[in-house]
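Undergrad: Spelled out, the chains give:
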Amino acid sequence: TQLLEQSPQFLSIQEGENLTVYCNSSSVFSSLQWYRQEPGEGPVLLVTVVTGGEVKKLKRLTFQFGDARKDSSLHITAAQPGDTGLYLCAGARGYQKVTFGIGTKLQVIP
Amino acid sequence: GAVVSQHPSRVICKSGTSVKIECRSLDFQATTMFWYRQFPKQSLMLMATSNEGSKATYEQGVEKDKFLINHASLTLSTLTVTSAHPEDSSFYICSARRSSGGVYNEQFFGPGTRLTVL
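Top line first, the protein sequences correspond to chains A and B. Here the first sequence is numbered in our numbering, starting from 1 and rising by one per residue. Here the second sequence is numbered in our numbering, starting from 1001 and rising by one per residue.
These aren't lab readings, by the way, just hints derived from the structure by calculation. Where is the CB? At the ideal position from N, CA and C, for every residue including glycine. Mixed in with the good hints there might be a few duds.
[Claimed, not checked] Result set (SDA-like, lysine to any residue): computed pairs, CA atoms no more than 20 Å apart in a straight line:
| # | chain 1 | residue 1 | chain 2 | residue 2 |
| --- | --- | --- | --- | --- |
| 1 | A | Lys-105 | B | Phe-1091 |
| 2 | B | Lys-1041 | B | Arg-1097 |
| 3 | A | Lys-105 | B | Met-1045 |
| 4 | B | Lys-1041 | A | Ala-92 |
| 5 | A | Lys-105 | A | Val-50 |
| 6 | A | Lys-97 | B | Gln-1060 |
| 7 | B | Lys-1066 | B | Lys-1041 |
| 8 | B | Lys-1041 | A | Leu-86 |
| 9 | B | Lys-1014 | B | Thr-1116 |
| 10 | A | Lys-70 | A | Gly-94 |
| 11 | B | Lys-1041 | A | Gly-94 |
| 12 | B | Lys-1041 | B | Phe-1091 |
[Unchecked claim] Chain A is nowhere near these chain B residues, computed Cβ spacing over 10 Å in every case:
| # | residue |
| --- | --- |
| 13 | His-1007 |
| 14 | Lys-1014 |
| 15 | Ser-1015 |
| 16 | Gly-1016 |
| 17 | Ser-1018 |
| 18 | Leu-1026 |
| 19 | Arg-1037 |
| 20 | Phe-1067 |
| 21 | Thr-1080 |
[Claimed, not checked] Simulated DEER-style distance windows between Cβ atoms:
| # | chain 1 | residue 1 | chain 2 | residue 2 | range |
| --- | --- | --- | --- | --- | --- |
| 22 | B | Val-1062 | A | Lys-105 | 21 to 29 Å |
| 23 | A | Gln-14 | B | Phe-1039 | 26 to 34 Å |
| 24 | B | Lys-1020 | A | Glu-15 | 39 to 47 Å |
Here chain B stands alone, though its shape is the one from the complex (with noise of 0.2 Å):
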């Protein structure tokens, strides 16, 4: 149990263009979920905390304009990333909470998604 989905794994964009990663809890409801971005040989890195039916909490420096999250249901949140340019590209990864059952702060996290930005 706790199967994270993310999709695309893979997108190349060009710049200007806006694009929408889903993260969807596949056997469990998420009341939360979190978007990391990770540069290469770095830790994750929080960017916002995405909470069903309200409005997402970003971090310090990011912006809420660019990066637009939706957490429409207990099982989908969506990143889009707005007017891209090539220093978005990252590894963009979600995590999901449980809303019941488990430890409270356990995360399970998708499989990422590796963003270019031409």
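So here's chain A without its partners, still in its complex pose (with noise of 0.2 Å):
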């Protein structure tokens, strides 16, 4: 059972478009981190959210954390062709280990 999901899976966009990728799940989270990955390399964290309703930027990034905490988003405005990578949500309740989504494979075509 995949505790955390992860929609889309795959995501070919042209550059400019914008982008929202969804991280769900049907349990409450102390905390969710969001990650990139480019291929051969190791997940780079780009954003931890504790507080329900929580927005971050970073960037054209715009995270948020759903305000019953069991869901997060994570929304690219005007994708560029270095935004292409795998994107990993995971979560965490309280001190149990995290959980991983499957990933989002995002491509941004110039």
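From the two separate chains plus the hints, produce the assembled complex.
TA: Below is the structure:
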């Protein structure tokens, strides 16, 4: 059973378009992280959200944590080829181990 | 801050040999480190949780005698793949969690080690 459902799993868009990636669960998380991973490299932490309803921005990336802390979204504005990669969400409940979503593979075409 | 290194980045070995992979937290102390395995086009699969000064906790289905983990200091954990076979070929990634400060469940990942067993 996948505790964290990520969608879409694959996304191919043109440069300049906007996109949203979703991370959903039936469980409440105490914190949720978003990572980006490029081929042959380890995931890089983008953001951590801990408060229900929290919104964080990182340049063209906007992260939101659901009010009930069960879901999160990542919105990218005016995507660029450099945004290409695998986006992973990861959630934890208290001191339990972190669970990763299956990932969203994004391709931004110039 | 929060940099994690892994060594080696790539290793090719013959079947039956053992391979050691090092994971270091360079600018923070990590009481807990994690070892993951990643297959092509798939997400991360947690293999084990490494705790400084104590035995590692292995996930179900992961052979502890095959994947030896040693977390001897607050900045170093090692994974040794013993008697490697071709099916052990994979991308191994470690991560580290800060001992203090920051958000408890944040993990910082190393760059990964590509293991190829011939």
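Undergrad: Now look at each hint and say whether the structure bears it out.
TA: Taking the hints in turn, this is what the structure says about them:
The suggested pairing of A/Lys-105 with B/Phe-1091 holds, with an alpha-carbon distance near 17 Å, which does not exceed 20 Å. Straight-line distance between C-alpha atoms of B/Lys-1041 and B/Arg-1097 comes to about 25 Å, which puts the hinted pair past the 20 Å bound. Note on A/Lys-105 and B/Met-1045: the hinted pairing holds, with a Cα-Cα distance of about 17 Å set against a maximum of 20 Å. For the suggested pair B/Lys-1041 and A/Ala-92, the alpha carbons sit about 23 Å apart, so the restraint of at most 20 Å is broken.
Restraint check for A/Lys-105 and A/Val-50: not satisfied, since their Cα atoms lie roughly 25 Å apart, outside the 20 Å limit. The suggested pairing of A/Lys-97 with B/Gln-1060 holds, with an alpha-carbon distance near 14 Å, which does not exceed 20 Å. Between B/Lys-1066 and B/Lys-1041, the direct Cα distance comes to roughly 25 Å. Violation of the 20 Å bound is thereby established for this hinted pair. This hinted pair checks out: B/Lys-1041 and A/Leu-86 have alpha carbons roughly 9 Å apart, not beyond 20 Å.
For the hint linking B/Lys-1014 to B/Thr-1116, the alpha-carbon distance of about 9 Å falls within 20 Å, and the restraint holds. For the hint linking A/Lys-70 to A/Gly-94, the alpha-carbon distance of about 13 Å falls within 20 Å, and the restraint holds. The suggested pairing of B/Lys-1041 with A/Gly-94 is violated, with an alpha-carbon distance near 29 Å, which exceeds 20 Å. The hinted pair formed by B/Lys-1041 and B/Phe-1091 meets the criterion: a straight-line CA distance of about 11 Å does not exceed 20 Å.
Every CB of chain A lies more than 10 Å from the CB of B/His-1007, the least distance being 13 Å, so the non-interface label holds. Residue-level check passed: B/Lys-1014 sits 23 Å from the nearest beta carbon of chain A, beyond 10 Å. Even its closest Cβ contact with chain A, about 23 Å, leaves B/Ser-1015 beyond 10 Å, as expected for a residue assigned away from the interface. Distance check for B/Gly-1016 against chain A: the nearest CB is about 26 Å away, which clears 10 Å, and the non-interface claim stands.
Even its closest Cβ contact with chain A, about 23 Å, leaves B/Ser-1018 beyond 10 Å, as expected for a residue assigned away from the interface. At roughly 14 Å from the closest C-beta of chain A, the C-beta of B/Leu-1026 stays outside 10 Å, upholding its exclusion from the interface. Against the 10 Å criterion, B/Arg-1037 stays outside the reach of chain A, whose nearest CB is about 12 Å from its own CB. With a least CB separation of 17 Å from chain A, B/Phe-1067 remains clear of the 10 Å interface cut-off, as annotated.
Every Cβ of chain A is farther than 10 Å from the Cβ of B/Thr-1080; the closest lies at roughly 19 Å, confirming the non-interface assignment. Distance hint check for B/Val-1062 and A/Lys-105: the Cβ-Cβ separation is about 26 Å, which falls inside the suggested range of 21 to 29 Å. A C-beta distance of roughly 30 Å is found between A/Gln-14 and B/Phe-1039, which places it inside the suggested range of 26 to 34 Å. In this structure the hint that B/Lys-1020 and A/Glu-15 lie 39 to 47 Å apart at CB holds, the actual value being about 43 Å.
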